[in-house]
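Asker: Chains as they are written, first to last, in our numbering: chain A, 1 to 293; chain B, 1 to 433; chain C, 1 to 321.
For the record, the hints were derived by calculation from the structure and aren't laboratory data. A hint or two may mislead.
[Claimed, not checked] DMTMM-like, lysine to aspartate or glutamate: derived pairs with alpha carbons at most 25 Å apart: (1) LYS428(B) <-> ASP63(C); (2) LYS290(B) <-> ASP236(A); (3) LYS427(B) <-> ASP85(C); (4) LYS290(B) <-> ASP154(C); (5) LYS246(B) <-> GLU177(C); (6) LYS428(B) <-> GLU177(C); (7) LYS63(B) <-> ASP74(A); (8) LYS399(B) <-> ASP154(C); (9) LYS290(B) <-> ASP366(B).
[What the hints assert, rightly or not] Far from chain A, some chain C residues (derived; all Cβ distances over 10 Å): (10) SER56; (11) LYS71; (12) GLY74; (13) LEU81; (14) THR83; (15) PRO86; (16) ALA90; (17) VAL101; (18) ALA108; (19) ALA167; (20) PRO170; (21) TYR210; (22) ALA212; (23) ASP216; (24) THR309.
Quick reminder that beta carbons are idealized off the backbone N, C-alpha and C, glycines included.
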Amino acid sequence: MTAINAEVAARRHGSLIRRRRISRTWGHVIIVAFGLIMLYPLLWMVASSFKPNNEIFTSPGLWPHTWSLRNYLDGWNQLGIPFSTFFINSFLIAAISVVGNIFSCSLAAYTFARLRFRLRGLFFAMMIATIMLPFQVVMVPQYILFHAINWTNTYLPLVVPKFLAVDAFFVFLMVQFIRGLPRELDDAAMVDGCGPIGVFWRVILPLLRPALAVTAVFTFIWTWNDFLGPLIYLTDASKYTVPVALNAFINSTGVTAWGPMFAMSVLSLLPLFVVFLFAQRQLIQGIATTGIK
Amino acid sequence: MSHKRIRRRTFIGIAGAAGLAAGVTACGGGGSNAEPDGPLKVALWGDATRAAMYRKAIALFTKAHQGDTANLQFADLDAYLERLATESAAGDLPDVLWMRDTHIGRYGKAKVLLDYGPYLDKTIHTADLGKQAIPNGKIGDGVYALPTHYVGQCVIGNKPALEDKGVKLADIKTWDDLAAAAKELGGSAGTSYGLSDPTMASSHRDLEGWVRQHGEELFTPGGGPGFTADTVIAYYRWFDQLRKAKVLAPADVQVQANGAGSAGDLLAVGKSALQIQSSNQLTQEQAVTKIPLVMTSLPAAADASKDWWFFPPILISASAKTKNPETAAKLIDFFLNDINAAKITRLNQGAPSSSKILDALLPTLDKSEKAFVTQIRREQKNPSRPLPIRPEGASQLDKLIGQASQQIAYGKASIPKAVEQLMAAAKKALPEQ
Amino acid sequence: MSVSEHAVQGRQGRAAVRAGAEPARRRIRSAYVPWLLLAPWLVGLVGITLGPMVASLYLSFTDYSLLSSPKWVGLTNYVQLLTSDPQFLAAAKVTLIYVVVGVPLQLAFALGIAVLLNRGLAAMNFYRSVYYLPSLLGSSVAVALLWRQIFGADGLVNVVLRLVGWAHPPNWIASPEYALGTIIVLHVWTFGSPMIIFLAGLRQVPQEMYEAADVDGAGSWAKFIRITVPMVSPVIFFNLILQMINAFQAFTQAYVVSGGDGGPVNSTLFYTLALYQEAFTNFNMGYASAMAWVLFLVIALFTWVAFGTSGRWVHYEGGRR
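Please take these sequences and the hints and turn them into a complete structure.
Answerer: Right under this line is the structure:
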């Protein structure tokens with residue numbers, strides 16, 4: 001009897017493994033196929049960056065008839081300033097914004113999520129409300145404000161708000177993450193004598209690492225790609241960030257230099273991609289302990 | 001415990017360093033307002049190529065007027081206009097700025113621009129600019145802009161297609177001629193359509209030519225709509241007959257081509273044999289295509305009013321709040337009249353308004369540039385009654401025209417119905433003052 | 001007692017002393033600590049965000065052309081907007097369709113792919129990056145042009161459709177019926193951001209729970225519905241709220257893909273695009289501000305409903321205190 005049972009169990013186990021392998025293969029197939037679909041537009045852009053300007057629209061296929069590095073060479077110096085300047089400007093603003101957001105948003109989020117104080121509900125609602133108004137109508141009063149304190153044509157209007165937890169998106173994100181952490185951890189730390197700041201520093205912040213990684217990556221990428229802010233506040237070409245510099249290739253009253261623009265867009269993707277890859281590792285190091293045990 | 005304390009120190013250190021870095025980068029910016037005798041802020045729309053040319057021209061100015069420097073800011077047209085409006089709201093307009101003819105009415109009326117009155121013929125010389133120059137920038141009692149360049153309207157043709165069917169562009173004199181030519185040419189030398197559809201872009205320029213030929217104007221002196229429904233219906237009917245004959249590019253084909261700019265438009269990729277557009281774009285079109293192109297004037301019916309010709313100006317203004325009005329005036333005169341500057345900027349924004357500059361440039365032009373300049377000079381000799389200043393609702397009218405055209409082209413509304421809606425909306429958008 | 005026991009007793013004793021002798025001090029301290037920690041956010045709120053918001057509320061009751069001073073007109077803007085503006089209705093319809101169709105679709109993809117990627121299959125890093133790449137480009141002019149090419153008359157999509165037998169597929173990007181659909185597809189294509197957030201949330205689900213379910217013989221779908229979804233529900237909630245708020249205000253993609261006019265025939269006239277046109281093309285910033293505040297109220301309503309019903313399906317490990 002046991003032998004038959006053992007055989008049945010073994011067969012069931014074998015079919016379980018086979019099922020798992022099949023589902024894993026299907027998983028792979030779906031992911032690869034989908035991945036190709038996702039990537040096609042990007043591949044098209046990369047391919048077009050190697051095509052001369054008049055070929056981009058006449059031969060829409062993926063493989064260029066004539067390969068040429070012309071777009072990269074032209075695009076690099078298109079504004080009379082090497083494009084590396086714009087990469088550096090963008091990087092500077094994005095990196096400083098990341099630092100600002102990580103610290104200010106986590107602090108605000110902790111306060112909303114864990115501390116009790118009067119008006120907490122009201123302030124939380126106001127925080128969410130700040131992202132519900134389209135920026136087009138806030139842009140002009142903000143510009144007038146920054147102009148009144150003489151911050152136009154500097155990076156200050158772009159960077160200082162990040163230290164003041166202005167991005168409700170990240171505050172809310174971290175609030176949700178902190179709410180997912182059991183309170184027992186806080187209580188344990190408080191028993192050990194930590195005040196609220198200590199709890200934040202010792203317990204919450206380390207456990208918030210995935211959320212911090214998300215904040216860092218998104219802040220970097222969104223700040224890098226921000227067009228409107230740098231457009232209205234930066235008027236010196238040497239201060240331009242990458243999106244504003246890319247806009248200089250477009251000419252709606254003349255001929256747009258699509259080739260060089262694609263070339264520089266492709267180059268501009270590289271730092272973003274590198275940042276993303278680097279931050280992924282932080283994302284992956286998940287929470288070793290959700291700690292109650 | 002100790003390594004956590006170190007982490008707190010690094011926290012403070014990083015935050016402090018970041019703040020310091022922000023401060024340092026901010027200090028590099030300097031003040032945003034031009035102090036008296038500081039560098040002027042000059043703004044224009046366009047791309048990096050144009051900006052490079054104008055920076056070189058400004059360098060010439062700086063050399064000639066020791067110490068008077070200027071910084072150029074530029075952006076593509078839509079972004080430029082958006083930024084201009086925002087800066088104006090803050091009272092921070094650039095000292096010298098290029099102004100669209102579609103916007104001069106609004107900016108002039110709001111009195112945010114410098115009145116050239118005291119400077120005319122003292123610092124700013126207009127003798128060579130033609131008699132339309134001052135009326136193009138006069139709003140009310142003040143002259144708030146002057147034209148640096150003019151553009152015209154034209155028909156551009158695909159030369160191989162024309163030769164293939166033995167059609168001569170110069171023979172096209174009336175709209176009937178153009179229709180016949182388009183029907184003849186559709187399909188020759190690899191093209192699919194005889195004529196591209198200019199109505200699908202939101203712009204009043206094409207309609208304006210037709211309206212003026214019928215003795216009307218787009219705008220009355222009081223700023224209301226000056227055109228009649230019948231004229232507009234006739235305009236759309238002309239294009240619709242070609243659409244029905246499958247000779248005009250269909251709506252979806254044209255809309256898709258419009259999104260790609262010059263390099264993707266139907267003439268440049270060889271899908272269309274003829275195209276109506278601004279005459280200064282001949283050189284740009286030729287630069288993006290291997291197909292040889294030729295141009296001719298916009299057709300006019302035999303009984304069209306004789307003085308319908310018009311040349312939209314590219315205008316230059318100064319800010320009313322500029323702290324250096326004298327220098328600004330000198331710079332404006334430089335851009336209007338200086339031949340060496342024009343030798344650098346050439347025809348990038350259109351045909352220079354100064355006849356002296358045109359004379360000086362003529363020997364240096366290439367084939368299509370020469371064709372453009374010769375044509376516009378010839379046209380400018382024709383009688384041309386003054387072009388009405390665009391009133392405040394002009395940009396809204398653009399959108400309304402675009403909407404009506406799209407509804408007709410996509411078959412969503414009949415021509416009389418669409419035009420009726422257009423007239424009603426235009427009356428609301430352009431109140432008579 | 002051993003040294004360690006002494007130490008433990010000592011620590012407990014000290015803690016007890018602290019707990020007993022300092023309630024007053026701690027209560028006072030804990031009263032102002034939240035305000036101290038909140039200070040940067042408060043400064044940002046009042047100085048940078050709230051001020052301009054209040055200004056725009058004021059402007060919504062004025063006639064303001066950006067070039068001249070605002071003139072008070074009371075409720076005229078709102079009345080005109082809600083009773084006699086056909087653009088408003090067209091834009092509202094376009095935006096609602098986009099939100100109702102685009103947001104769930106995008107989130108479903110994001111969650112699905114995140115779950116797939118979280119399984120620890122080989123080369124996951126690489127795939128994760130591949131799926132995120134489109135979001136890096138999402139709002140650029142280059143992508144807009146790409147999209148017009150791909151969904152154009154002879155673009156890739158139609159090439160494939162012709163291969164599978166559809167002889168005359170429409171020009172997706174230039175047809176009033178389908179243009180909005182292409183923008184929704186663009187929105188779904190850039191699902192990278194919510195996907196990353198889902199991944200971070202999935203990381204927080206203890207592996208033990210899945211292992212326990214495996215022992216009980218649960219299949220993948222059961223595990224997904226009974227473990228993954230509830231554990232990740234705070235993150236789902238977050239993504240839902242924020243994607244919805246963003247979708248109501250979608251601008252850049254419509255602006256670049258349609259060339260700025262919301263065409264063809266207003267089929268891609270998103271609400272904020274219409275708003276932008278009022279503000280910067282028609283120089284009607286007062287009217288545009290009124291449009292913005294109407295949108296604000298609509299978004300606030302949807303958000304409030306979402307928060308209100310969240311108690312039923314969102315599960316917080318840390319409790320709802």
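Asker: Against each hint, give a clear statement of whether it holds in the structure.
Answerer: Evaluated hints:
{"no.": "1", "hint": "LYS428(B) <-> ASP63(C)", "verdict": "holds, 16 Å"}
{"no.": "2", "hint": "LYS290(B) <-> ASP236(A)", "verdict": "violated, 37 Å"}
{"no.": "3", "hint": "LYS427(B) <-> ASP85(C)", "verdict": "holds, 15 Å"}
{"no.": "4", "hint": "LYS290(B) <-> ASP154(C)", "verdict": "holds, 22 Å"}
{"no.": "5", "hint": "LYS246(B) <-> GLU177(C)", "verdict": "holds, 22 Å"}
{"no.": "6", "hint": "LYS428(B) <-> GLU177(C)", "verdict": "violated, 29 Å"}
{"no.": "7", "hint": "LYS63(B) <-> ASP74(A)", "verdict": "violated, 29 Å"}
{"no.": "8", "hint": "LYS399(B) <-> ASP154(C)", "verdict": "violated, 28 Å"}
{"no.": "9", "hint": "LYS290(B) <-> ASP366(B)", "verdict": "holds, 16 Å"}
{"no.": "10", "hint": "SER56", "verdict": "violated, 4 Å"}
{"no.": "11", "hint": "LYS71", "verdict": "holds, 16 Å"}
{"no.": "12", "hint": "GLY74", "verdict": "holds, 18 Å"}
{"no.": "13", "hint": "LEU81", "verdict": "holds, 14 Å"}
{"no.": "14", "hint": "THR83", "verdict": "holds, 21 Å"}
{"no.": "15", "hint": "PRO86", "verdict": "holds, 20 Å"}
{"no.": "16", "hint": "ALA90", "verdict": "holds, 17 Å"}
{"no.": "17", "hint": "VAL101", "verdict": "holds, 19 Å"}
{"no.": "18", "hint": "ALA108", "verdict": "holds, 13 Å"}
{"no.": "19", "hint": "ALA167", "verdict": "holds, 20 Å"}
{"no.": "20", "hint": "PRO170", "verdict": "holds, 18 Å"}
{"no.": "21", "hint": "TYR210", "verdict": "holds, 13 Å"}
{"no.": "22", "hint": "ALA212", "verdict": "holds, 14 Å"}
{"no.": "23", "hint": "ASP216", "verdict": "holds, 14 Å"}
{"no.": "24", "hint": "THR309", "verdict": "holds, 16 Å"}
Comparing the model with each numbered hint stated earlier shows that hints 2, 6, 7, 8 and 10 do not hold.
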